[in-house]
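Undergrad: Next come the chains, spelled out residue by residue.
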Amino acid sequence: MMRRIGIALVVAWALAAASAPVLAPYSADTRFAALLNAPPTVPHLSGARLTIQPWRLVSRLEQQYDRDSSREIALRWFAHGHLVESSDPAVPLTLLGTDSFGRDVFSRMLFGARTSLSLGLVSAIGAVVIGALAGGVAGYLGGPLDDVLMRTSDFVMVLPAMYVALALRSVMPLVLPASTVFVLLSAIFAIVGAPFIARGVRAIVRSERTLDYAVAAQALGASGPRILFRHLLPAAFGFIAIQLTLLVPGFIVAEATLSFVGLGFPNPIASWGTMLHDASANVRVFADFPWLLSPAAAMFLVVLGLNLALEGRRTGLESLR
Amino acid sequence: MSVRSDPLSFNRLQSGDRTTELCAILTQAKLVRINKVTQEVEPALAESWTVDADHRRYTLKLRDVRFSDDHPFTADDVVFTFAALYDKKNDSVLADSMTVNGKPLTVAAVDAHTVTITFPSPYGPGVRILDNVPILPKHKLDAAESAGTFAKAWTVATPTADLAGAGPFVLTSYAPGQRLVFDRNPHYWRTSASGEHLPYLDRITVEMIPDQNAEMLRIEGGQLDVMNDDVTAEAYAAVKQAANQGRVQMLDVGSAMQADSYWFNLKPGAFANDPRASWIQRDELRHAISMAVDRKTFADTVFLGAADPVYGPVSPSNRTWYWTGTPTTPHDPKAAKALLATIGLVDRNNDGVLVDAQGKPARFSILVQTGRPRLERAASVIADELKRIGLTVDIVTLEGNAVIGKILSGQYDSVYFAPTMSDIDPATNLDFWLSSGGFHLWNPSQKTPSTPWEKQIDDLMRRQSAVSDPAERKRLFDEVQKIFIEHDPIVYFAARHIYVAVSSRVTTVIPAVDLFPVMWAADQIAVKH
Amino acid sequence: MTAYIVRRLAFALFLVVAVSSASLVLAEIAPGDASLARLGPTASRQAMERARERYGLNRPLAVQYGDWLLHVLRLDFGTSMLYDRPVSELIPERAANTAILAITALVFATFVGLPLGVVTGTRRGGLLTNAIRGGSIVLLSMPPLLTSLFLVFLAARTGWLPIGGMRSATTAGGGVLDVLQHLLVPAAAIGLPLAAMFERLQSQAIAETIAEPFVIATLARGVPRRRVIWRDALKASLRPVAAVYGLVVGTLLSGSFAVEVITAWPGIGRLMLDALSARDVYLVAGCAGVGSVFLACATLLSDVALAYVDPRVRE
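Quick mapping for you: the protein sequence lines, in order, are chains F, G and D. In case it helps, my numbering puts the first sequence at residues 1 to 321. In case it helps, my numbering puts the second sequence at residues 1 to 529. In case it helps, my numbering puts the third sequence at residues 1 to 315.
Honestly, the hints are just simulated from the structure, not real lab data. As the structure is a computational prediction, the values presented were derived from the model and not from experiment. The beta carbon of each residue, even a glycine, is placed where N, CA and C say it ideally should be. It is possible that some hints are incorrect.
[Stated by the list, open to error] Examples of chain G residues lying across from chain D (beta carbon under 10 Å, computed):
(1) Gln-14
(2) Ser-15
(3) Arg-33
(4) Val-37
(5) Val-93
(6) Ala-157
(7) Pro-176
(8) Arg-179
(9) Ala-214
(10) Leu-224
(11) Ser-409
(12) Pro-449
(13) Ser-450
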């Protein structure tokens, strides 16, 4: 049951991300100059229609807004290729308010889902593949290869990714297209995340290797790789699954840190990491602009979904053994 | 009060970082002091001075005072300080700024309380330049200078007992990464207008708080009295709220003397193999940009309205030097497009994008430093406004020093940057105005001026810095501003309004538009008990 | 066993040198150099050239690196270009501060995260389990920057705890109690997400363990459930956490910079960040080296712990 909820959550977010251009009333970089850090426009029933009330600027410097309750702007559905939008272009529909640039947080969250989820997923898969291979081989074969692999993973672990990112950024041309940034970031994350997986997988494989069933398989003439992939690695699935749920949010957040040294997505592209980073630039965010933290809530839902979905797999494994 | 990072040295001659400068303000004294409110020169260690008829030799009468360790201050200390400053072995960070036309000043002691300072050539600002040099105690540093180790003297590892100065405070302890503690200097010579012995304060604790948010929380919570910087636009609301509740006092100091700068790479040959070479370094492009960006929208978005539009290198709040004839560029996107058409950028197929003769879209990048929200917002506004007239702009954010590195090596299209200037007198900023200057942002360190107008500015600035008559200097500098605006090597949009926040404990303070809005007059700050 | 430890130490040494070298080279590649940071952008070209010459920055990269390496072999880690002090003086005090922070966070995370993980892993559903699991996921979804900012904000609003710093200005020398008070916020900022990670890992590990035959057998023998979980199953399930423990500890040192910046904790993470911004290459290399020393010790300890926890791993 929980598993289904988890899968549903993840799938829902994936669908939302994929259909962002339709679901989001605005593009990721549409700015409303008069509405910086404005609160959400909450649709309510007025008569039989859903309407919103516009925000009026009270103090620009103090970023205070007043709701103009004398006006009710109707919402229009299925118009201009968007699911819903405001019938008055001068009164934007901002379901989660606006950020410090005046951009609609809701739209940016949906577009950001594309960037962050795909980056997180690709990086995590990359880390799992590299890490499981390295850890599995190291754990199974042992000896000098094990040492070399583990020391290499230590080196990767301790070399601050910031240094690498900074140096990398400076040898790249000034203007980086989003695709290049994506490839670079996922490569860096996959490499940096692999050692965590490798270490755990190695430990599991090493202990499983001595178990009866593995020894038996070997005695029966099964080849090394077959034992490794068919019998030993699956024992590590549970660990890998949990690590996945830890890596994905970690990567999404790390993207913001790396953007600090300049290795981030170019401006029109939104991402949850940078949205949260921008939000934390102003300490007022907790008290006065909590809607800026919605990417954290979004991430929470995704990670929750992943957790539920992957934990559910456990029951399948138990019956295998 | 707070700073962002540790001092790099206790020797002001060897390091120019902000915290070191603050330490020098607190513990050292200079021959003269520039009052940052009136911009007038006030006597400090020099009681009075006279100048010879040729305006080159100044005779300064020194005060009979003592250093913080009770050692008398004499002319020898002045001579010593300048000798150490100009000593090539030490490579002092102040050496270059204390030269006129590349030649050092000659400092000589007439008697124990009189020195003469001779300028190599007539120098307009005169003694103003002396506000840069803290006078160091010879008795503490002479040994190091003679041994040639002055550059390594007074590093941050020096025990505080070995330091001495003629400033209002004395450094009593330093905990690396945490704080510096200064106690009042009982030998400080200054008295207030009503005759009280300064400084009013007994102790100043300088905390190192790298994060601005944490600093804000501390001042709201009453754990901090003075902030590192003025209040940024984003923080204004929080500070105002705290001020309304009586926890903080907000002081309005006026408009900034200089706006943030936006310029293009004008180095000849920088776009050698680039098809954009035909238009990207042209004056018309920058004029068009100046017309296309609505300065009101700019001020509203970037500074939340707390800024005034500026159209030239000097903002109107700099009353001493502002050229009152500065034309205000109207916000006229149509005229901007027409101007761009004259350099070959036209919207050929009416899709809203300007293209050059080959049909390639007019596209360039703005370089901006990460971690500075105001600069990032500004770049974003510029990009949006330019998109409206059909120019495609990429915003590139790089790490702080990487941006400076790119500027100095000339590897960029355009840059939006916030440079700092210490004194408003333009003659003290020659490395910006002269084409040979290292800070001549759009094309630094030129061997010979690459354009006729830069040569004109060079000549005018040289004359301006040599002449003594203030009216003549103003006239010459007005001319410089006129030429500057004609070519717009740097486009300015808005100068921000400066607000300073201090805690409610502070009773007396003299805020000014300066690098240290409050601490510049640290000896006159008072708090209630 | 001794040969194993010797081999590990040798590798550790090699790792330290390798990481420091890599950091040095990377910091050199980045544009700008220490002369810029020291003099400021307004300095003249000549002044910068002179500064670069003084620091030896105008030599080719290979020469600079070789020179540095030779010095390192003589245990001379260079002089910081920013502070004009030997790197070996600057680092230990800051590293110790971060170590205090890291150890506190680690202890908290271990003794809170692991038991909570056992709780959620051995029960199915229930309010407590879901609440703990939800809490862990919330902590894992928040970037460390935001968590530390939030905690500092809380400290400010409630006034219970000092807002940042390591010692109060008034307490001379700083009593242990004073440091502890200042330690709470940064340690929580690091420790809470870490506890969440341990909880998730441990939860999964023990859930798998209790399905193993030996547990069922022990239960069948009549041993009370509580003892089975907290004694037998726990020990067998520590394997994955023990394996990752070393890595976590090792990365704590350099990963702590976000927290240290916000809470103004005078640690090595902040120093590393400042050094990197200023391109103080010797300091950068030194900090990275220290990080790898910690990692090497931590992974060694972790492998030893692993061997203890799971005898099957020992060869």
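Undergrad: State for each hint whether it applies.
TA: Status of each hint after checking the structure:
no. : hint    : result
1   : Gln-14  : 8 Å, holds
2   : Ser-15  : 6 Å, holds
3   : Arg-33  : 21 Å, violated
4   : Val-37  : 24 Å, violated
5   : Val-93  : 6 Å, holds
6   : Ala-157 : 5 Å, holds
7   : Pro-176 : 6 Å, holds
8   : Arg-179 : 6 Å, holds
9   : Ala-214 : 5 Å, holds
10  : Leu-224 : 9 Å, holds
11  : Ser-409 : 7 Å, holds
12  : Pro-449 : 16 Å, violated
13  : Ser-450 : 16 Å, violated
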